[in-house]
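Undergrad: Be aware that the sequence shown starts at 0, since it is given in numbering that gives the first Met the number 0, and climbs by one per residue.
Think of the hints as simulated: they come from the structure by calculation, not from any bench. Since this is a predicted model, take the numbers as computed values, not measurements. Relax, there's no trap hidden among the hints.
Capping the alpha-carbon separation at 16 Å, the derived lysine to aspartate or glutamate pairs in EDC-like fashion look like this:
| no. | residue 1 | residue 2 |
| --- | --- | --- |
| 1 | LYS423 | ASP406 |
| 2 | LYS533 | GLU481 |
| 3 | LYS533 | ASP570 |
| 4 | LYS706 | GLU169 |
| 5 | LYS375 | ASP319 |
| 6 | LYS234 | ASP295 |
| 7 | LYS533 | GLU514 |
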Amino acid sequence: MRLRFTLSVLPLAASAGAQVAPPRDTVQALEKVTVSATRSGAAAFVVPLAVTSIGDDELHRGTGIGLDQALRFVPGVLAHSRSGGTDVRLVIRGYGARGAGDRSNSGTSRGIRILLDGFPETEPDGRTAFDAIDLGLADRLDVVRSNASALWGNASGGMVSVSTVPRFAESRLNLEPMAGTFGLSRIAASAGTKVGTSGRAWLSHSNTTQEGWRANSSGRRQLFTGGASAALSDKTLLTVMANATSNLIHVPGPLTQAEYDANPQQANATYLSRRERRHNRVGRLGVSIEHDATDDVGLNVAMFVNPKFLQRSERNTYRDFTRSHFGTTVSGHVRHSLAGRIATFRAGGDAAYQNGAIQFHDLVAGERGTTLTDNKAEGARNIGFFVQDEIPLTNKLVATLGLRHDDIQYDYRSFIRPQMNARKSFDQVTPKLGLSYSMGRRHMFYLNIGGGVEVPAGNETDPSNLAPLRLDTITALNPLLEPIRSYTFEVGTRRSGTLSSSLAGSYDIALYNTEVTNEIVPYSGGRFYFMAGKARRQGAELGLSVQSSLGVGVQAAVTYNRHRYVSYIVDSTYYGRPGFSADYSGNSVVGVPDLMSSGEVFFHPARFGWLRMEIGARHSVSYAVDDANTVTAPSSLVLDGGIAVTRTLGRHAVVTARLAVENVTNRAFAGSAFVNPDRQAVTNAPMFLEPGMPRTILLAVSATRAK
0 MRLRFTLSVL PLAASAGAQV APPRDTVQAL EKVTVSATRS GAAAFVVPLA VTSIGDDELH
60 RGTGIGLDQA LRFVPGVLAH SRSGGTDVRL VIRGYGARGA GDRSNSGTSR GIRILLDGFP
120 ETEPDGRTAF DAIDLGLADR LDVVRSNASA LWGNASGGMV SVSTVPRFAE SRLNLEPMAG
180 TFGLSRIAAS AGTKVGTSGR AWLSHSNTTQ EGWRANSSGR RQLFTGGASA ALSDKTLLTV
240 MANATSNLIH VPGPLTQAEY DANPQQANAT YLSRRERRHN RVGRLGVSIE HDATDDVGLN
300 VAMFVNPKFL QRSERNTYRD FTRSHFGTTV SGHVRHSLAG RIATFRAGGD AAYQNGAIQF
360 HDLVAGERGT TLTDNKAEGA RNIGFFVQDE IPLTNKLVAT LGLRHDDIQY DYRSFIRPQM
420 NARKSFDQVT PKLGLSYSMG RRHMFYLNIG GGVEVPAGNE TDPSNLAPLR LDTITALNPL
480 LEPIRSYTFE VGTRRSGTLS SSLAGSYDIA LYNTEVTNEI VPYSGGRFYF MAGKARRQGA
540 ELGLSVQSSL GVGVQAAVTY NRHRYVSYIV DSTYYGRPGF SADYSGNSVV GVPDLMSSGE
600 VFFHPARFGW LRMEIGARHS VSYAVDDANT VTAPSSLVLD GGIAVTRTLG RHAVVTARLA
660 VENVTNRAFA GSAFVNPDRQ AVTNAPMFLE PGMPRTILLA VSATRAK
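Model the full assembly from the supplied sequences, consistent with the hints where possible.
TA: Below, the structure is given as C-alpha cells:
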C-alpha cells in the first residue's frame, strides 16, 4: 500500500540489532517515511536541517493536552505550560519569545509555524492557536529547529508538524480513558479501516475537562478529526481530512513575586474579575492530491478552508471574532541529470488568506455588555513561491540550494471610523544553502545557511500611541514597522543505530548563529511596537538517547543559549519625553534561558517487554523577563516519573495501563512568565510569574486492536 499522505513523519534513527531494544526515534528500516515539513523527497536523515521526531509511544505518556510534555526532550525548544492546559508558551531558538504584558502570547504562539496533517494551523500574520492540537490523537510529531523561512515563508523560525493519521494495515480501534488530579477527565477514541482494495478511512474523538489548580484556570475541549484516502489510479492519491473543535480556556494571569510567595494558587485579581478566557470554535476541511506523472515527475496540490468563531474576555473588553481562513499549496518535483548525477528540482507556492469581522463590547461582570465599542474587519494575505534543487556533488556530499519570495499584506477596515482604514504590504526574498555529508547510513554532518522573515503580528500593528507624535495621518496600521529579518549559520551532526553488541542509541548535535535585524520590541506595555535594532542569537544543542541490552536507557536534551541585543536604543520620544533615551545594547534577549536541560533514566527490558519505568528531571536557569533585564524569572528543577504495563491479548489486541506523576517532590516553581510585564498601579511591582503545577497524578488505560 502506498502511504504518502500529506503528513509529517521522520525516521531519525534506524532499527538496532535484534539483541538490543531500540531507542527513541527508532523505526524499522523497511518503513519508508519522509517529512513533508522539510519539503524534501530525500531521506529525512540526510536533510541539512536540525530535526527531531517523536513517535506515538512517547506522545501518549502524558495527558496529551499540551505540546509541552511531548517537546520536553527536544533540544533548542522551550515549551512551558501556562496553567496545565492547552495554553503553551512555545519558543524555538528565540523565535516565539516576543510579547508584552497582556499580549505575552496568551492562548497563541507566534514566530513558529505549526502544521496539522500537512495543513497550516498558523495564520497568515504568524500567530497560531493550539485548539486542534491534541497529542492523545496524534501518531507522530516532527520538529524542525532550523529557520525554515526559505521553505515556508513568514513566521517559520521553527516548525512543529503533527500527524493524526493512524497507521494500520486492515483496521484499528483504540479507546483511552484517563483521569488525574485537579479535576482532569479525558476520553479519547479512534477507529480506522481499509476501504476497498486501496482506500482507508479513520475517525477520532477526544473530550477533555479540567477544573485546574489555580483560580480561573479551568478548561474543556471537544475535538473530532477524521479523513479518508483513495487511489484514483496507480499514479494518483486523493486524501480528504476534516476536524472540528470547541476549546474553552480560562486564563489565570501573572502574579507579582509577593503574590506568588503568599499564594501561588490564586489568580491575578484583574484577570479573575474579568473572568479572562478564550472560547474558540474552529473547523477545517482539507483536500490533497498527489500525482506521479512518471517515476521522475510528480505534483502535489492541497487546499483547505478553516472557519473560526472566537470569543474572548480580555483587556477589559468582550470580543467576538468571525474569521475565514483558506489557502492552497502547490508543489512539484522533477528528477534531472546534472554532471552525470541525479538531482531533484522542486518548485511550488503557498497562498493563504484570513479575513473577518471583530466586534468589541464593554465588559460587565466578566460578560458581554450591551455597548458596542468598536466594529472592524481585519484581513491578512500571504503568498509565497519557492524553488529548491538537491544536487549530489559526490556519493557522500549533497548540496541543497533554495530561494523563496513572500508577499504579505494586511487590510484593515473600520465600520465606525473609516478614516482609520489602511493597507500595508511586506515582502522578502529568502535564500538557502545546505550541505550534507554522509559518513555512513547512520552518521552524517550538515551545514545550513538560510534567511528568515517574520512580519509583525496583527496585534502589533496598532499605531494609536504613535499618531500624535510621529504620523501625519491617523491610520490603523503602523507604517513605521518592517519585517524582522534574520540570517542563520548552522552546523550539526547526528548518528543513530547500534553502537556496540550491547548498546544502541542516537545523538543530535547542532551549533547555530542567527543575526537578527528589525527586532520588534514593545512600548507602553505592548500598546504599540517599534523596531529596536539588532540581536544575535547563538546556541549549542545536544539530544541523546542510549539503551543497553539490559533494558536500561537514558535520553536527554541540553541547550545552551546566548541571545543578546547587539543594538537597542529606547527612544523616549515615544513616551512623550524628547531627548531622553536608554541603551539596552548587550542585554539578554527577553524570555530565553541561557541553559535548559531535561533528562530521563528508563528501564524497559527485553525480557519483561511489558514493563517500562522512568524517572526524569527538567531544569532551567533564571532568565530575563524584561528588555531592561531588571526582572528575572527564577530557575527551576522539577522531577517526574512514571510506570506503564502493557499486555497483549490474542493476536491483535494490546492493553496498556500507565501511571504518571509530574513534579514528584511537589516543588513550587515558576512554570512560565509574562515577558515585558505590566506593573501594579499601587506597588509598581511587575506582574510576571505564572506558577507551575504542583504534584500531578495521571492514570490512563489504553486498549487497542489493530491488524
